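**Student:** Sequence:
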Amino acid sequence: MKTSLKALVAVLATAILLPAVAAPRKTENVVLIISDGLRWQEVFTGLDPLLLPDVEQQGWTPVAALKQKYWHEDPRERRRLLLPFIWGTIAKQGQLFGNQLAGSKAEVTNGFWFSYPGYNEMASGLADPRIDRNEFGPNPNQTVFEWLNSRPLFRRKVDIFGAWSTFHDIFNGKRSHLPIRAGATLVDRGDESPQGRLLEELYRTTTRLEGDDPLDSFVHVALRAHLATHRPRVLFVGYGDTDSWAHMGRYDATLDTAHSFDAFVGDLWQQMQALPAYRGKTTFIVTCDHGRGSGTVDWKDHGVQQAGSGNIWIAVIGPDTPPLGERHDTPLVTQSQIAATVAAFVGEDFRAAKPAAAPPLPDVLARSR
Numbered sequence: 000m001k002t003s004l005k006a007l008v009a010v011l012a013t014a015i016l017l018p019a020v021a022a023p024r025k026t027e028n029v030v031l032i033i034s035d036g037l038r039w040q041e042v043f044t045g046l047d048p049l050l051l052p053d054v055e056q057q058g059w060t061p062v063a064a065l066k067q068k069y070w071h072e073d074p075r076e077r078r079r080l081l082l083p084f085i086w087g088t089i090a091k092q093g094q095l096f097g098n099q100l101a102g103s104k105a106e107v108t109n110g111f112w113f114s115y116p117g118y119n120e121m122a123s124g125l126a127d128p129r130i131d132r133n134e135f136g137p138n139p140n141q142t143v144f145e146w147l148n149s150r151p152l153f154r155r156k157v158d159i160f161g162a163w164s165t166f167h168d169i170f171n172g173k174r175s176h177l178p179i180r181a182g183a184t185l186v187d188r189g190d191e192s193p194q195g196r197l198l199e200e201l202y203r204t205t206t207r208l209e210g211d212d213p214l215d216s217f218v219h220v221a222l223r224a225h226l227a228t229h230r231p232r233v234l235f236v237g238y239g240d241t242d243s244w245a246h247m248g249r250y251d252a253t254l255d256t257a258h259s260f261d262a263f264v265g266d267l268w269q270q271m272q273a274l275p276a277y278r279g280k281t282t283f284i285v286t287c288d289h290g291r292g293s294g295t296v297d298w299k300d301h302g303v304q305q306a307g308s309g310n311i312w313i314a315v316i317g318p319d320t321p322p323l324g325e326r327h328d329t330p331l332v333t334q335s336q337i338a339a340t341v342a343a344f345v346g347e348d349f350r351a352a353k354p355a356a357a358p359p360l361p362d363v364l365a366r367s368r
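Following numbering that gives the first Met the number 0, the numbering of the sequence shown begins with 0 at its first residue and continues without gaps.
If you're looking for bench data, these hints aren't it; they were derived computationally from the structure. For clarity, every value in this text was computed on a predicted model and none was experimentally measured. Hints may contain errors.
[Claimed, not checked] Straight-line C-alpha distance at most 25 Å; calculated DSS-like pairs for lysine-lysine:
#, residue 1, residue 2
1, K156, K173
2, K280, K25
3, K299, K66
4, K25, K66
5, K104, K91
[Stated by the list, open to error] Pair ranges (Cβ atoms, derived):
#, residue 1, residue 2, range
6, P354, K91, 28 to 38 Å
7, R154, Q56, 46 to 56 Å
8, P318, P358, 17 to 27 Å
9, P330, R196, 30 to 40 Å
10, L331, E199, 44 to 54 Å
11, P330, E72, 41 to 51 Å
All C-beta atoms in this analysis are idealised placements derived from N, C-alpha and C, irrespective of residue type, glycine included.
My request is simple: use the sequences and hints to build the entire structure.
**Tutor:** Listed below in structure tokens is the structure:
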């Protein structure tokens, strides 16, 4: 009896001294989704009443009609009206960072506060002061998507979709050999199916907001069709309408496209959860590339001249993410942490290859049981 008791004590002592056992990781696929330039203010408080006089003056949409869709005295209800999937699903099953009113700050670390520097930072894990303009050209930095595509388990299982043609440079298609469908290459002109021909006709005959960049609806339809026959394990999706309409000063259209973006994310989540390859095995990271200014003038733009443009938001939902909801009083998180987070969810250590990259986001990946 004494021997058995001693043995039991020894086993218990050893168990106490051992480090916590890592929980089995369930995520096998990860999707990074961007709403270009969508402010944290709209994400966490919904329609900004300070911008309604500008809507009324422009006269595009009656303020009464806009308020009927998106207004409530309680900002928590306003944000739910604007972004029902984010607040009805992600906030309940995942986590959200970036509500400065709740002591949660999310920021970019680049000093420019506009798109190319932001996309490079989130995709490569660090800011690069050389990238100081959207017309910079091919990205000299290897992104986490290019790096994962070079790993045996992910080769030819990484896809890039987006509205902005500059994604070809950001993900350096010539060097990375990633399949990039963005801008004029979003629509597959080789698709002779009825849907493929219709999408090509609509793209060709639709007036675009900027150059060859398609509207977000085209991005979503093309992506949905792609997922009907392909099963990428790592996916980037860049929607752009929120930024385009904001630059035009159309707050009514900005709200409508933010609402549509939320619906696209929800539809993509439902589509992937309906497929055995993704059901219960997929994590979404949803964010923006930069913030914007505040007030009736500066909200339309972003950059160092528009204070607050470096403030962003980040949302995460997936089988390995504890459902902590909207985070309060958290340490600062940064855009540069996204790259390592993407890799960590699929069991890869990006920082082992790129030590200068920022560490993964805290608390979004369960570590122990």
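**Student:** Give a verdict on every hint.
**Tutor:** Now the hints, each set against the structure:
no.	hint	result
1	K156 to K173	17 Å, holds
2	K280 to K25	6 Å, holds
3	K299 to K66	20 Å, holds
4	K25 to K66	42 Å, violated
5	K104 to K91	20 Å, holds
6	P354 to K91: 28 to 38 Å	36 Å, holds
7	R154 to Q56: 46 to 56 Å	54 Å, holds
8	P318 to P358: 17 to 27 Å	21 Å, holds
9	P330 to R196: 30 to 40 Å	51 Å, violated
10	L331 to E199: 44 to 54 Å	45 Å, holds
11	P330 to E72: 41 to 51 Å	32 Å, violated
The structure fails to meet hints 4, 9, 11 from the earlier list, while all remaining hints are met.
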